[in-house]
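Chemist: Based on the hints, put chain B in the right spot on chain A.
First to last, the sequence lines map onto chains A and B.
40 is the number of the first residue of the first sequence in my numbering; add one for each residue after it.
40 is the number of the first residue of the second sequence in my numbering; add one for each residue after it.
Treat each hint with caution, since some may be false.
Note that the list lumps identical chains together, so a pair holds whenever it fits in one copy or between two copies.
Said to hold, decoys possible - Each computed EDC-like pair below joins lysine to aspartate or glutamate, with the alpha-carbon atoms no more than 20 Å apart:
1. 95 with 84
2. 136 with 154
3. 85 with 96
4. 459 with 271
5. 125 with 138
6. 144 with 292
7. 125 with 141
8. 335 with 84
9. 142 with 126
10. 298 with 380
11. 368 with 413
12. 368 with 378
13. 528 with 271
14. 95 with 369
15. 142 with 155
16. 249 with 231
17. 422 with 326
Hint data in this document are derived by calculation from the structure and do not stem from the laboratory.
Given next are the chains, with one letter for each unit.
Number of protein chains: 2
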Amino acid sequence: MAKNVTREEDYSKWYNDLVFRAGLAENSAVRGCMVIKPYGYAIWEKMQAQLDKRFKETGHQNAYFPLFVPKSMFEAEEKNAEGFAKECAVVTHYRLKTDPNDKTKLIVDPEAKLEEELIVRPTSEAIIWSTYKGWIQSYRDLPILINQWANVVRWEMRTRLFLRTSEFLWQEGHTAHATKAEAIVEAEKMLDVYSEFAEEFMAMPVIRGKKGESERFAGAEETYCIEAMMQDGRALQAGTSHFLGQNFAKAFDVKFADKEGKLEHVWATSWGVSTRLMGALVMTHSDDEGLVLPPKLAPIQVAIIPIYKSPEELTLVSEAALELTSKLKELGISVKYDDDDNRRPGWKFAEYETKGVPVRVAIGPRDLAEGKVELVRRDTKEKSIVDLAGVEHTIAQLMEDIQNNLFERALKFKNDRIQKVDTYTEFKEKLEKEGGFYLVHWDGTIETEALIKAETQATIRCIPLDSPEEDGVCMVTGKPSKFRVVLAKAY
Amino acid sequence: MAKNVTREEDYSKWYNDLVFRAGLAENSAVRGCMVIKPYGYAIWEKMQAQLDKRFKETGHQNAYFPLFVPKSMFEAEEKNAEGFAKECAVVTHYRLKTDPNDKTKLIVDPEAKLEEELIVRPTSEAIIWSTYKGWIQSYRDLPILINQWANVVRWEMRTRLFLRTSEFLWQEGHTAHATKAEAIVEAEKMLDVYSEFAEEFMAMPVIRGKKGESERFAGAEETYCIEAMMQDGRALQAGTSHFLGQNFAKAFDVKFADKEGKLEHVWATSWGVSTRLMGALVMTHSDDEGLVLPPKLAPIQVAIIPIYKSPEELTLVSEAALELTSKLKELGISVKYDDDDNRRPGWKFAEYETKGVPVRVAIGPRDLAEGKVELVRRDTKEKSIVDLAGVEHTIAQLMEDIQNNLFERALKFKNDRIQKVDTYTEFKEKLEKEGGFYLVHWDGTIETEALIKAETQATIRCIPLDSPEEDGVCMVTGKPSKFRVVLAKAY
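Just chain A, same shape as in the assembly (with noise of 0.2 Å):
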């Protein structure tokens, strides 16, 4: 077998080979669009489950609004149009026929053209508040709180398996308000609930922010963010939340009336998550080795594979096997007992370990006779024996251990590579020696984002929310600053 790139000597490609190599995800023949594969599948349907139950939670409903946006509903949206809407999947045509010169060949039927062409989903803005205008008249009718989970479609030029692709899954959210103030909390409420999923069961620590002028969603008056940081020192964007003003409900003439009759524009929310959260996941945790998974996110969270020579010892270890197993699903742990008899133990270490399963679980029949088991954390590769009686326990503990300890570590790493600079020397050296993320006073100016942007690759990542106001001086322009932005390259 050959050997595994490591992060050390190609960060892109262990990444890429890794997201394979674990059966995450593969490219399609489609240009940019991506097969996801039944375990990375698995991991998305748990982060499915925890986000969509806390939406809930918090009073949203799920339904589904059509795929395709007619482009005229583009143009009454300006300024979103300006953003990535253009970069789209464009249906021109709604019927193939057989060339009539080639019978094993199909063409684009040219009766068949579109009277009006169709975009495939970029976002559902645009349909949602043309659906929304119908479903409000009157303040009775607000709060909506709705989010939807879809497929969408942007025409990425340079895709990567779970970064970037053309398709990708994900959830929006779409809520309506009658008051500026109400449709705020609800922004920052929703990034609440991204950032307690990523910190919580993830165990990938984030960044609660605001975006600069130019990295906000285009229709959006504010674009709060969480900002994770990769194992190479790079941001990744894990969720935005937009509070949009009355920007839609103006494209799309959607007014309701007060308890006092006068009509008025709605206020706006959108929020999202995508399968991109599969890249962070795997980026903050993965070693050389493969996957590590967050217990509370592994389809599998405990592996056990027989040790034996012989059918007599195969019966003699499956019995503890299948014991341990039950005892394991009744404490809510998932787990796959391997008794595949085509490969060797060690085959099976290899897989779990590629896989990223939080706890291996070895029974051999002299371990057995001395009632005992092998147990292999996959976070800190540690080995230890322990009494078979009641190592479900011990296993639960674990599970604890290891969501929190992948969480401390990556907080650690991330905390060690925040750093505050003052001058724009330092940071272009620092940033290029060590990567990483930088607090730096910057005076606001799309200019001097731009102009940091051309010279060394980073851009702001985000104003935190808990960034303490601190008078200083932009370290390009020597403009006055009223606190500290994040700056650092990004996926």
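Modeler: The following block gives chain B in isolation, referenced to the frame of chain A:
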């Protein structure tokens, strides 16, 4: 409030109005595409959850494949392309640009024409089998048991909410096997999953059968189906499971090495149900007042409505209502306590009747003083005054009773409308007058089927799996026949 159209007056309008009135779905601004509203989507989520559980219990895993299929893949798969694949949404371009003649308009950028057109998937056999080719080398890689939850698009000329829409949601299972026998077992197993789901959860009796040649899926050797009877006597195909033989393996050149190292084409199945089931659910149980939902799929199983004239009465009633709510929740019953002060009880009664909530509880101070509450079950509209003490158990029992009653009622309805006929004249007369299903002898030819369809609009729904062998003669041609088939008009 305008009176609703009854089923008797106009079944089709009754259906459309009800789907809209109950908040299940509505037409969108995009031709043929629907918006599934939160209440409708909540029912669909319950269907999904049950089906997904059963798919996993039968060894399947979920995955996700691209939305787009390159045109050449359809060409590889001739038979299928001859079928519905031609009426489809075709993506020809990947960019819009600002119209140089009118800055407020967008036009398709002619420079951004795709080299090869992409088809929005009408079904995923092509993209999935082109992927499986890379996954299958040896018998060890088989079986592959994968399901996908996805949206698909088929360009329909005449659409109806849920029943026939250009975009719809579905699941599609795609499996690969080493032997023909194993693939047939799989196709039949999934038909069982569908029929059990339809009968146990939707309370909708179905006939399990095989399709004749003309109704068979283009790429299939055998199409199994479940057919249900709607209240107007028409048939609705509620799910299909296809034994695909080696057709797709041959089209995409997917072979595996068997234990002896010999290369063989893989055997396949595919199976699916869609949001069409929502239409079937509505048309099986609902009445002129509104939806009637089987408790197992009802998003709200119990609605509790307070009756009060003063704040003091509301306090008293609310206390009892909240206690009952928590007792019901403990029993796993979903409850809505509707104390909205802006609506009168009568309005609420009508609302929950429209929405098909299985049990309504009214709590008022007079009944309460005697330790009583009022229950109304949605299926029979029966009202009863019962003891508050222990009413949660009465309600739990009602959930079972209503679920069973709906099934028995629909079963009787169906059985009363299936009849054997032996002459074409009798068939035509009865079909015209009574509707329903007919068990007839047929000579097995496409020509006879086409004649019947042209003259009566009825089609051969299926050859029931439990059809006993019986010598007879085709009612049209007098040619010999070995068993009876089901003939009916269909959705």
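Chemist: Pop the pair residue 144 and residue 292 into one bin, within, between, both or neither, using alpha-carbon distances up to 20 Å.
Modeler: Intra 46 Å, inter 18 Å, cutoff 20 Å: inter-copy only.
Chemist: Within a copy, between copies, both or neither: which one fits residue 95 and residue 84 at a CA-CA cutoff of 20 Å?
Modeler: So residue 95 and residue 84 pass the 20 Å test inside a copy (16 Å) and across (13 Å) alike.
Chemist: 20 Å Cα cut-off: does residue 142 pair with residue 155 within a copy, between copies, both or neither?
Modeler: between (30 Å within a copy, 18 Å between copies)
Chemist: Cα distance capped at 20 Å. Does residue 459 pair with residue 271 within a copy, between copies, both, or neither?
Modeler: within (19 Å within a copy, 74 Å between copies)
Chemist: Given identical chains, is residue 335 near residue 84, meaning Cα to Cα at most 20 Å, within a copy, between copies, both, or neither?
Modeler: within (12 Å within a copy, 23 Å between copies)
Chemist: Is the C-alpha distance from residue 249 to residue 231 at most 20 Å within one copy, between copies, in both cases, or in neither?
Modeler: Close inside one copy (13 Å), not across copies (52 Å); limit 20 Å.
Chemist: Treating 20 Å as the Cα threshold, decide for residue 85 and residue 96: within, between, both or neither.
Modeler: So residue 85 and residue 96 pass the 20 Å test inside a copy (17 Å) and across (17 Å) alike.
Chemist: Could you figure out if residue 95 and residue 369 sit no more than 20 Å apart (CA to CA) within one copy, between two copies, both or neither?
Modeler: between (27 Å within a copy, 19 Å between copies)
Chemist: Go through the copies and call it for residue 125 and residue 138: within, between, both or neither, with a Cα cutoff of 20 Å.
Modeler: Between copies only: 12 Å across chains, 31 Å inside a chain, cut-off 20 Å.
Chemist: Taking 20 Å as the upper bound on the Cα-Cα distance, should residue 422 and residue 326 be classified as within, between, both, or neither?
Modeler: within (17 Å within a copy, 65 Å between copies)
Chemist: Given identical chains, is residue 142 near residue 126, meaning Cα to Cα at most 20 Å, within a copy, between copies, both, or neither?
Modeler: between (34 Å within a copy, 17 Å between copies)
Chemist: Since the copies are identical, ignore which copy is meant and state whether residue 528 and residue 271 lie within 20 Å (CA to CA) inside a copy, between copies, both or neither.
Modeler: For residue 528 and residue 271, only the intra-copy Cα distance (10 Å) is at most 20 Å; the inter-copy one is 64 Å.
Going down the numbered hints, you'll see the structure goes against none, and every one checks out.
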